[in-house]
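These protein sequence lines are chains A and B, in that order.
For the first sequence, the numbering used here gives the first residue as 8, with consecutive numbering after it.
For the second sequence, the numbering used here gives the first residue as 767, with consecutive numbering after it.
Hints are supplied without guarantee of correctness; some may be wrong.
If we take Cβ atoms under 10 Å as the criterion, some of the chain A residues that face chain B in the derived model are [claimed, not checked]:
no.	residue
1	Arg11
2	Ala17
3	Ala31
4	Val32
5	Lys42
6	Val63
7	Ile66
No more than 20 Å apart at the CA atoms, straight line, and that leaves these computed lysine to aspartate or glutamate pairs for DMTMM-like [stated by the list, open to error]:
no.	chain 1	residue 1	chain 2	residue 2
8	A	Lys44	B	Glu872
9	A	Lys54	A	Asp20
10	B	Lys848	A	Glu65
11	A	Lys54	B	Glu844
12	A	Lys44	B	Glu882
13	A	Lys54	B	Asp852
14	A	Lys57	B	Glu844
15	A	Lys42	A	Glu70
16	A	Lys13	A	Glu64
17	A	Lys9	A	Asp46
18	A	Lys9	B	Glu844
19	A	Lys57	B	Asp843
20	A	Lys42	B	Glu880
21	A	Lys54	A	Glu65
22	B	Lys904	A	Asp46
23	B	Lys848	A	Glu41
24	A	Lys44	B	Asp852
25	A	Lys42	B	Glu882
26	B	Lys904	A	Glu65
Because the hints were derived from the structure by calculation, they are not lab data.
Glycine residues also receive a C-beta, built at the ideal position from the N, C-alpha and C atoms.
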Amino acid sequence: MKNRLKVLRAERDWTQADLANALAVSRQTANAIEKGKFDPSLPLAFKIAKLFNLTVEEIFFDEQMT
Amino acid sequence: MSPVKHSDTTCTQHNKSKILHLGLWTLAWLASTALLGFGAQYIWDYQPAYSITALMTHLALGVTMIMVNVKHLANLDELQRKITMDAMGITLGVGLIAGIAYEQLENIKLISFEPEISHLIMLMAFTYIVSILIGNRKYQ
Numbered sequence: 008m009k010n011r012l013k014v015l016r017a018e019r020d021w022t023q024a025d026l027a028n029a030l031a032v033s034r035q036t037a038n039a040i041e042k043g044k045f046d047p048s049l050p051l052a053f054k055i056a057k058l059f060n061l062t063v064e065e066i067f068f069d070e071q072m073t
Numbered sequence: 767m768s769p770v771k772h773s774d775t776t777c778t779q780h781n782k783s784k785i786l787h788l789g790l791w792t793l794a795w796l797a798s799t800a801l802l803g804f805g806a807q808y809i810w811d812y813q814p815a816y817s818i819t820a821l822m823t824h825l826a827l828g829v830t831m832i833m834v835n836v837k838h839l840a841n842l843d844e845l846q847r848k849i850t851m852d853a854m855g856i857t858l859g860v861g862l863i864a865g866i867a868y869e870q871l872e873n874i875k876l877i878s879f880e881p882e883i884s885h886l887i888m889l890m891a892f893t894y895i896v897s898i899l900i901g902n903r904k905y906q
């Protein structure tokens, strides 16, 4: 699953550590999600969406469906 | 601008303290294993009362170690938990398969000595460490 986390983070001038702290996860986890290596659980996906004031679909998308 | 959050230092310190806590309980359990193994022979000369006390202490520390480990797992974030659970699953599988095969080696006369449980524990520890390292590398 792809996502726009890197862009959203860059727009706010946040580091991966900032994002990880805001989500209460490790930096390794924030990095793996951002790179699309690890798909977050639904609660974490909603937490990310809430953090950026967006919907889950506006952040995460299936490459094959776009 | 940084998002509103708890500090990185606090998160890391919290995790380190949990790992240290787990390490201490594991160490206590290991010490009780040694005491149980060598105490009867070298300290209390096989007196049943002491042996039973040592056994009960060993079991109680074992149960506590399991509970602390469960708490530690619950405190990990979801990726860390996945890496740990994957490693545990692989270790369990390797332990079961290798343990049964190893036990059969003596029965089918491929080895002349009696299989030792400590060899299996060493294999499981090695498997767990390698699995954790591979899991962490995979999600770097």
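Consistency of the hints with the structure:
1. Arg11: Nearest chain B Cβ about 16 Å off; hint violated.
2. Ala17: Given a least distance of 13 Å, the restraint on Ala17(A) is violated.
3. Ala31: Where the cut-off is 10 Å and the nearest Cβ of chain B is about 7 Å from Ala31(A), the hint holds.
4. Val32: holds (4 Å)
5. Lys42: Hint on Lys42(A): holds, closest Cβ of chain B at ~9 Å, below 10 Å.
6. Val63: violated (16 Å)
7. Ile66: Not OK, violated: Ile66(A) not within 10 Å of chain B, min 15 Å.
8. Lys44(A) / Glu872(B): violated (45 Å)
9. Lys54(A) / Asp20(A): Roughly 19 Å between the alpha carbons, so the hint for Lys54(A) and Asp20(A) holds.
10. Lys848(B) / Glu65(A): violated (26 Å)
11. Lys54(A) / Glu844(B): holds (13 Å)
12. Lys44(A) / Glu882(B): Roughly 40 Å separates the two Cα atoms, so the pair is violated.
13. Lys54(A) / Asp852(B): Given that 20 Å is the threshold and the Cα spacing comes to 25 Å, the pair is violated.
14. Lys57(A) / Glu844(B): Holds: Lys57(A) and Glu844(B) sit about 18 Å apart, inside 20 Å.
15. Lys42(A) / Glu70(A): Distance of about 13 Å is within 20 Å: holds.
16. Lys13(A) / Glu64(A): holds (15 Å)
17. Lys9(A) / Asp46(A): This hinted pair holds, its Cα atoms lying about 9 Å apart.
18. Lys9(A) / Glu844(B): holds (18 Å)
19. Lys57(A) / Asp843(B): holds (18 Å)
20. Lys42(A) / Glu880(B): This hinted pair is violated, its Cα atoms lying about 50 Å apart.
21. Lys54(A) / Glu65(A): Between Lys54(A) and Glu65(A) the Cα gap is close to 13 Å, so the pair holds against 20 Å.
22. Lys904(B) / Asp46(A): With Cα atoms ~14 Å apart, Lys904(B) and Asp46(A) stay inside 20 Å; holds.
23. Lys848(B) / Glu41(A): Holds, because 17 Å separates the two Cα atoms, which is no more than 20 Å.
24. Lys44(A) / Asp852(B): holds (16 Å)
25. Lys42(A) / Glu882(B): violated (45 Å)
26. Lys904(B) / Glu65(A): violated (27 Å)
Checked against the numbered hints above, the structure breaks hints 1, 2, 6, 7, 8, 10, 12, 13, 20, 25, 26 and satisfies the rest.
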